[in-house]
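Those protein sequence lines, which keep their order, are chains A and B. The opening residue of the first sequence carries number 814 in the numbering used here; numbering runs sequentially from there. The opening residue of the second sequence carries number 48 in the numbering used here; numbering runs sequentially from there.
Keep in mind the hints are simulated off the structure, nothing from the lab. Check the hints yourself; a few may be wrong.
Stated by the list, open to error - Label pairs and their calculated CB-CB ranges:
1) B/G184 / A/D846: 23 to 33 Å
2) A/S836 / B/D97: 52 to 62 Å
3) A/K1055 / B/E99: 36 to 46 Å
4) A/P947 / B/E293: 51 to 61 Å
Claimed, not checked - Here are some, though not all, of the chain B residues that point toward chain A, as calculated from beta-carbon distances under 7 Å:
5) P146
6) S147
7) P155
8) M159
9) Q200
10) W202
Claimed, not checked - Quick list of in silico lysine-lysine cross-link-like pairs, DSSO-like style, CA-CA up to 27 Å:
11) A/K858 / B/K179
12) A/K887 / B/K127
13) B/K212 / A/K849
14) B/K153 / A/K913
15) A/K858 / B/K182
16) A/K887 / B/K243
17) B/K275 / A/K913
18) B/K153 / A/K858
19) A/K913 / B/K182
20) A/K858 / B/K127
21) B/K127 / A/K913
22) B/K102 / A/K913
23) A/K1054 / A/K1101
24) A/K887 / B/K102
25) A/K1054 / A/K1107
26) B/K92 / A/K887
27) A/K981 / A/K1122
28) A/K997 / A/K887
29) B/K179 / A/K887
30) A/K1005 / A/K1122
Every residue, glycine too, gets a C-beta built ideally from N, C-alpha and C.
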Amino acid sequence: MELNEKTLMRDVLVEFLRERITSDDVTMVLDADLAKCAGTIALEKEFPERALNVGIAEANMAGIAAGLSSYGFKPFITSFGPFASRRIADQAMISICYAKQNVKIVGTDPGIAAELNGGTHMPFEDVAIYRSIPDILIYEPTDVVEFAEALPQIADYPYPVYIRMHRKNPPIVHPADFKFDLKKAHALKEGKDVTIVASGLMVSTALDAAKELEADGISAEVICSPTIKPIDAETICASAKKTGAVVTAENHNVIGALRSAVAEALVENTPVPLESVGVKEKFGEVGKVPYLRKAFNLEVCDVVAAAKKVISRK
Amino acid sequence: MNYDQLRAFARDIRANIVDCIGSLGVGHIGGCLSIADVLAVLYGKHMRYDPENPKMEGRDRLICSKGHAGPAVYAVLAEKGFFPKSELATLNRGGTHLPSHCDMNKTPGVDMTAGSLGQGFSCAVGAAIGSKLKKDGATIYCIIGDGESQEGQIWEAGMYAGSHKLDNLIVFTDYNKLQLDGTIEEINDLAPLADKWRAFNFAVWDIDGNDVEAIDKAVSEARALEGKPKMIILNTVKGKGVSFVEAAKVGSHSMNINAEQRAEALKEIRGE
């Protein structure tokens, strides 16, 4: 499919699943009454045997997926982020990961992308929950270009994957011919004074912050780290060694996700000062993204301030 | 196997359970002994499997959702030659293939990992859907506990199975009326259990769960019936077949077994 600024991330997922379901005998998708939101409702009509809706029962969906996997199928399950993580934490842990079942878990509307659904639906903890479970890979797509590159690798990855998927169309930051390695972080902009490691919708924010910093004579390197587990410590530490200071930027609680993964990598390999942009000890709330960015300090100015602060600590 | 042979097979399973748990000195013996008869009927007569090829395509599957009854499953698998009987003495020892709760990645013949209650039933529903998609003609058997039936996920799984008429799914409830902290009735009663499952669009049998003849009859009827998932409520005695375990009642959920008790239990099972 042709990818442009208007392409929705969910449509990339649906097109990929359609292609796989058509060309293999094992790919399946399961929904729990949010198929209209994920876009997968179309697949239920096209492939009624391979695209199932289990109703509002996410735990059962996770278990059914594990059972299907034990039978040789490769199910994707989808729900809003909170219900694809904290609601099914035990099923994901035991029936899927501990039992070594090949299930891909799609949690949509990460963090502030949940917007008007508010605090009950706004996952700032999903990555932290999954990071503590062995084997599972955690991936938060940056834009549709990268996501289209990532999906075949995710599908062919022999372990469970948690996909923290924006449903809509975050800004495209990658060139059309971008080649992605699911296990690698990559520099979107090179710099020498500070490294900004970002994921999800904070990647474009970090790039905007780097431009502002440039105007102030600060050269920032922006590392896009869509895969949060396993973290690409090699790329991040190499950049930290060069710049001597790191800022993390994520649309998630700062405890347990990108900041934690980066901090752990740095402390073990390249200890440098670290500052973080992310949600700090707060629950979600209703609002549109611009309001929520302000409410949770996820704006360009927050990244700029963190960069200046961390440089001052060198 | 005829009924005498099935009864003898159930005695062998009980002896293996006592050996397995007795060798360690502690374990979930009550809820293992209560399901020995249904395991004898399934593995002695109804299920299609190959101990030489535990992952045989199209095999019937048993998912013991009450995963703490692992030693009962190991008892029947060892008896059928999935692994040497001598391994029963490794229960819960470091590095064993026989952990307290069923683990499909450790034990040949175990079809699904279970232990966090309620989850195995959903996995059995997934396997039943998988079998229908593959048209392999398999039957998916699942054993759930009565205490386990207090988990909401049991009813999520049951609702979906009934709604989607998964008639290749045969579920057993080990209705021994006891759970870890007390009786089912005093803690969170399941009654009327048969009515509940009928209301969930299951075909229901409500039988003496320690009578191989009754179990065989119910399973035969269940296998023949189309259009609905099946629930066979096994009214069992927790600890069945070993007097001091039966007498422990609630205490039999997990109890210590010393060498003397082990020998006494084996004598009783063998009718000596």
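For each hint, the structure was consulted:
As the Cβ distance of B/G184 to A/D846 is approximately 32 Å, the hint placing it in 23 to 33 Å holds. Between A/S836 and B/D97 the CB atoms are about 32 Å apart, so this pair departs from the stated range of 52 to 62 Å. Distance hint check: the CB atoms of A/K1055 and B/E99 are about 59 Å apart, inconsistent with the given range 36 to 46 Å. Our hint of 51 to 61 Å for A/P947 and B/E293 is violated, since their Cβ atoms are close to 41 Å apart.
Evaluation of the B/P146 hint against chain A yields a violated restraint, the C-beta minimum of about 11 Å exceeding 7 Å. Below 7 Å, beta-carbon pairs count as interface contacts, and B/S147 has none with chain A, the closest being about 14 Å; its hint is therefore violated. Annotation: interface hint on B/P155 violated; nearest CB of chain A at approximately 15 Å, more than 7 Å. With its C-beta approaching chain A no nearer than about 6 Å, B/M159 sits inside the 7 Å limit, and its interface hint holds.
A cut of 7 Å between beta carbons decides the hint on B/Q200: the least distance to chain A is about 5 Å, and the hint holds. Here the hint on B/W202 is broken, as its CB sits about 9 Å from the closest CB of chain A, past 7 Å. Only pairs whose Cα atoms come within 27 Å are accepted, and A/K858 paired with B/K179 is accepted, the gap being roughly 19 Å. With a C-alpha separation of about 31 Å, the suggested pairing of A/K887 with B/K127 is violated against the 27 Å cut-off.
Under the criterion of a C-alpha separation no larger than 27 Å, the hint pairing B/K212 with A/K849 is consistent with the structure, at around 25 Å. At most 27 Å may separate the alpha-carbon atoms for a hinted pair to count; B/K153 and A/K913 meet this at roughly 11 Å. Restraint check for A/K858 and B/K182: the C-alpha separation of about 21 Å stays at or below 27 Å, so the hint holds. For the suggested pair A/K887 and B/K243, the alpha carbons sit about 33 Å apart, so the restraint of at most 27 Å is broken.
About 30 Å separates the Cα atoms of B/K275 and A/K913, which puts this hinted pair outside 27 Å; it is violated. The hinted pair formed by B/K153 and A/K858 fails the criterion: a straight-line CA distance of about 39 Å is larger than 27 Å. For the hint linking A/K913 to B/K182, the alpha-carbon distance of about 24 Å falls within 27 Å, and the restraint holds. Restraint check: the Cα-Cα separation between A/K858 and B/K127 comes to about 45 Å, which exceeds 27 Å; the hinted pair is violated.
At roughly 26 Å between alpha-carbon atoms, B/K127 and A/K913 fall within 27 Å of each other, so this suggested pair holds. A threshold of 27 Å between alpha carbons decides the hint, and for B/K102 with A/K913 the separation of about 15 Å falls inside it, so the pair holds. Only pairs whose Cα atoms come within 27 Å are accepted, and A/K1054 paired with A/K1101 is rejected, the gap being roughly 38 Å. Between the alpha carbons of A/K887 and B/K102 the distance comes to roughly 18 Å, so the proposed pair stays at or under 27 Å and holds.
Between the alpha carbons of A/K1054 and A/K1107 the distance comes to roughly 32 Å, so the proposed pair goes past 27 Å and is violated. Between B/K92 and A/K887 the alpha-carbon distance is near 33 Å, which puts this suggested pair outside the 27 Å criterion. For the suggested pair A/K981 and A/K1122, the alpha carbons sit about 33 Å apart, so the restraint of at most 27 Å is broken. The hinted pair formed by A/K997 and A/K887 meets the criterion: a straight-line CA distance of about 24 Å does not exceed 27 Å.
As the CA atoms of B/K179 and A/K887 are separated by approximately 16 Å, the hinted pair is consistent with the 27 Å bound. A threshold of 27 Å between alpha carbons decides the hint, and for A/K1005 with A/K1122 the separation of about 16 Å falls inside it, so the pair holds.
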